[in-house]
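Trainee: The residues making up each chain are set out below.
There are 4 protein chains.
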Amino acid sequence: MPAKKLSDAEITALLPKAKGWSVVNGKLHREFACKDFVAAFGNMTRVALVAEAMNHHPEWFNVWNKVVIDLNTHSVKGISDYDFVLAEKINEIFEPLPPLHLPGSGKGQ
Amino acid sequence: MPAKKLSDAEITALLPKAKGWSVVNGKLHREFACKDFVAAFGNMTRVALVAEAMNHHPEWFNVWNKVVIDLNTHSVKGISDYDFVLAEKINEIFEPLPPLHLPGSGKGQ
Amino acid sequence: MPAKKLSDAEITALLPKAKGWSVVNGKLHREFACKDFVAAFGNMTRVALVAEAMNHHPEWFNVWNKVVIDLNTHSVKGISDYDFVLAEKINEIFEPLPPLHLPGSGKGQ
Amino acid sequence: MPAKKLSDAEITALLPKAKGWSVVNGKLHREFACKDFVAAFGNMTRVALVAEAMNHHPEWFNVWNKVVIDLNTHSVKGISDYDFVLAEKINEIFEPLPPLHLPGSGKGQ
Chain A
169 MPAKKLSDAE ITALLPKAKG WSVVNGKLHR EFACKDFVAA FGNMTRVALV AEAMNHHPEW
229 FNVWNKVVID LNTHSVKGIS DYDFVLAEKI NEIFEPLPPL HLPGSGKGQ
Chain B
169 MPAKKLSDAE ITALLPKAKG WSVVNGKLHR EFACKDFVAA FGNMTRVALV AEAMNHHPEW
229 FNVWNKVVID LNTHSVKGIS DYDFVLAEKI NEIFEPLPPL HLPGSGKGQ
Chain C
169 MPAKKLSDAE ITALLPKAKG WSVVNGKLHR EFACKDFVAA FGNMTRVALV AEAMNHHPEW
229 FNVWNKVVID LNTHSVKGIS DYDFVLAEKI NEIFEPLPPL HLPGSGKGQ
Chain D
169 MPAKKLSDAE ITALLPKAKG WSVVNGKLHR EFACKDFVAA FGNMTRVALV AEAMNHHPEW
229 FNVWNKVVID LNTHSVKGIS DYDFVLAEKI NEIFEPLPPL HLPGSGKGQ
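Chains as they are written, first to last, in our numbering: chain A, 169 to 277; chain B, 169 to 277; chain C, 169 to 277; chain D, 169 to 277.
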């Protein structure tokens, strides 16, 4: 199925579900800080496997524990449904477990 | 610092701290089952980075979500302190967060 | 397209094109020796990307510069056309440049 | 051994040996175009292994087959001997085989 270009209204409607992503320079944008380079590059490898299987690849920058990702779709010259699908998969890779907020437990994870 | 060969008594004393590892055919051995291939190979990449930095590499087998790892040290013809260090790092990679058992919460992670 | 189980006659006919591969224990089998762990794991990462995109994964073993790969197809309980496609892609990854045979030059690469 | 900051004169003297690298914004800079994403990310994985073992990491950007790398050394606030060592290793990874110049052959590889 070819990528479908999203209108500004569609993007605005979808953004709240794409936790942590915003539109910067016409691309879906998010920055992650990992524990160290090993964690960052391990996550990048998982994203690479997912992206290659989708045949939809990120623009990304890394230095040590930091990973900056921009998503857009060349074939539609904008942001497509594919970008939101990949953004969601990237979130699952970088944030597999949401922090637990336990009242009174004194420790999270 | 060169690897130090461990005696059977030393290995027996250290094993309880190396959660999930046992001695099989004279090697530290553990098997992991991940969510899928993407998770398994992402973890393998993290182990590869750690192993290359230690210059101490695993013998390992993978098929889809399964990763089987054997550790020993050629230079000492046996199990060394390096193997236990790597085993510990591998555990941290494959099991970053122990499951929380919260009384009455009805859900873990 | 689902994987298609190959008969023994079909496998025998295809094997000569799959350079370096043989049938061992009912699987396509090949062993590679790379320059070092970095080269071996770099090639494994390329194979992982290709395999995930095909949704067809190898059984493989690695220690330092050595990579041992077995291919078969669970869904058909045997060797399928997918295994030969993956074997060919693996060859291209591990052996990117065929040796040059230059008359009189006395050296290839 | 800690990284050693290089003077402008030292950098100018070393640059001719670092094939393809130039100084951009105070960092060693080079851009590579690979065959495709699989080749690019396979090479990035090899660089990641080398960088983690050196504990000296690149700033890098990737989109599909393109890899842009900047090297400098935070601890010395400039370019150090480590950057030139890593640049050389990166060249060996991305350009494993120098082009053959065969008299009269009219083609390399």
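The reader is advised that the hints may include incorrect statements.
Copies of the same chain look alike in the list, so a pair counts if it fits in one copy or across any two.
To be verified - Computed cross-link-like contacts, PhoX-like style, restricted to lysine-lysine with a CA-CA straight-line distance of at most 25 Å: (1) Lys234 x Lys257; (2) Lys173 x Lys203; (3) Lys245 x Lys234; (4) Lys203 x Lys245; (5) Lys257 x Lys203; (6) Lys187 x Lys203; (7) Lys245 x Lys195; (8) Lys195 x Lys234; (9) Lys172 x Lys257.
Keep in mind the hints are simulated off the structure, nothing from the lab. All values reported here derive from a predicted model rather than from experimental measurement.
Trainee: My question is about Lys257 and Lys203: at a cut-off of 25 Å on alpha-carbon distance, are they close within one copy, between copies, both, or neither?
Mentor: Both: 20 Å inside a chain and 14 Å across chains, each within 25 Å.
Trainee: Measure nothing new, just compare the shortest in-copy and cross-copy C-alpha distances for Lys187 and Lys203 to 25 Å and report within, between, both or neither.
Mentor: both (20 Å within a copy, 22 Å between copies)
Trainee: When no copy is named, should Lys195 and Lys234 be tagged within, between, both, or neither for a Cα gap of at most 25 Å?
Mentor: both (19 Å within a copy, 18 Å between copies)
Trainee: Give the relationship of Lys203 and Lys245 under a CA distance limit of 25 Å: within one copy only, between copies only, both, or neither.
Mentor: Cα proximity of Lys203 and Lys245: across copies only (23 Å, versus 34 Å in one copy).
Trainee: Between Lys234 and Lys257, at a C-alpha cutoff of 25 Å, which is it: within one copy, between copies, both, or neither?
Mentor: Answer is both: 18 Å inside a copy and 21 Å across each meet the 25 Å cutoff.
Trainee: Classify it for me, Lys245 with Lys195: is the Cα-Cα distance of at most 25 Å met within a copy, between copies, both or neither?
Mentor: Result: close within a single copy only, 10 Å intra versus 32 Å inter.
Trainee: With identical chains, the pair Lys172 and Lys257 could be close in the same copy or across copies; at 25 Å between alpha carbons, which is it: within, between, both, or neither?
Mentor: within (18 Å within a copy, 31 Å between copies)
Trainee: Are the CA atoms of Lys245 and Lys234 at most 25 Å apart within a copy, between copies, both, or neither?
Mentor: Result: close only across copies, 19 Å inter versus 27 Å intra.
Trainee: Could you figure out if Lys173 and Lys203 sit no more than 25 Å apart (CA to CA) within one copy, between two copies, both or neither?
Mentor: Answer is neither: 35 Å inside a copy and 27 Å across each miss the 25 Å cutoff.
Hint violations for this structure: number 2 only, all remaining hints satisfied.
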